[in-house]
Amino acid sequence: EVQLVQSGTEVKKPGESLKISCEGSGYSFSTYWITWVRQMPGKGLEWMGVIYPGDSDVTYSPYFQGQVTFSVDKSTNTAYLQWETLKASDTATYYCARHDRYYNNGSYFRLGYFDLWGRGTLVTVSS
Amino acid sequence: DIVMTQSPDSLSVSLGEKATINCKSSQSLLYASNYKNYLAWYQQKPGQPPKLLISWASTRQAGVPDRFSGSGSATDFTLTISSLQAEDVAVYYCQQCYFPPYTFGQGTSLEIK
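As given, the protein sequences belong to chains B and D, one line each in that order. Its first residue numbered 1, the first sequence is counted upward by one per residue in our numbering. Its first residue numbered 1, the second sequence is counted upward by one per residue in our numbering.
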């Protein structure tokens, strides 16, 4: 089955660090871009940025640049989203999602919509 | 950034009736080289992740019922549900897929009247 499986709920205190995960299965993980999306409680969807597992190339949204770090482990087909210093305002559900792609002249190209989503990781930051 | 604005914010429609959600982008999403509109629609049911319904403004994803249709071009787009079913209660989002940062509309909450 083609799926993205995300790690479980986290409850942390302000100032703590955190790394959540997103494991892909059932497809060629390293050749599809993975995006991260934030959804604050009761709010809409915010694109955080994208990583290409093949070479770990990353593009952050300007609004999240410097606030989070994306990484991947190709050996385990897992993408990660990391915070060094959590704030209460980081409380949200975080989704990983896969970009669709197309193939042309020997290369894959990223499309800007997301055809496969994880179920989300709820992160609560509270003292 | 491209700003995406949906209307209305919420919508109440009777079962079997038509639901229409609008989405406006602050700049054209029509790419002249391939004449494609870089606009997607998602459905998010309570407690679930978003689900891709439509890409390229009007291309339904496999398995999406044909009562869902997308239309529009350039800056103005519409998602139409031709005959509302109970399972269609959800929040619907449009998203520009043109270039990063990829941005979403604020969402339209659809309920049964």
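No wet-lab data here; the hints were simulated from the structure. Don't take each hint at face value.
[Stated by the list, open to error] To give an idea of the chain D side of the interface with chain B (calculated C-beta under 7 Å), a few residues:
| no. | residue |
| --- | --- |
| 1 | PRO46 |
| 2 | GLY47 |
| 3 | PRO49 |
| 4 | THR75 |
| 5 | TYR102 |
What you are looking at is a predicted structure, and each value in this text was computed from that prediction instead of being measured. Beta carbons: idealized from backbone N, C-alpha and C, even for Gly.
So, going through the hints one by one against the coordinates:
no.: 1; hint: PRO46; verdict: violated (11 Å)
no.: 2; hint: GLY47; verdict: violated (9 Å)
no.: 3; hint: PRO49; verdict: holds (4 Å)
no.: 4; hint: THR75; verdict: violated (17 Å)
no.: 5; hint: TYR102; verdict: holds (4 Å)
Hints 1, 2 and 4, counting from the list given before, are not met by this structure.
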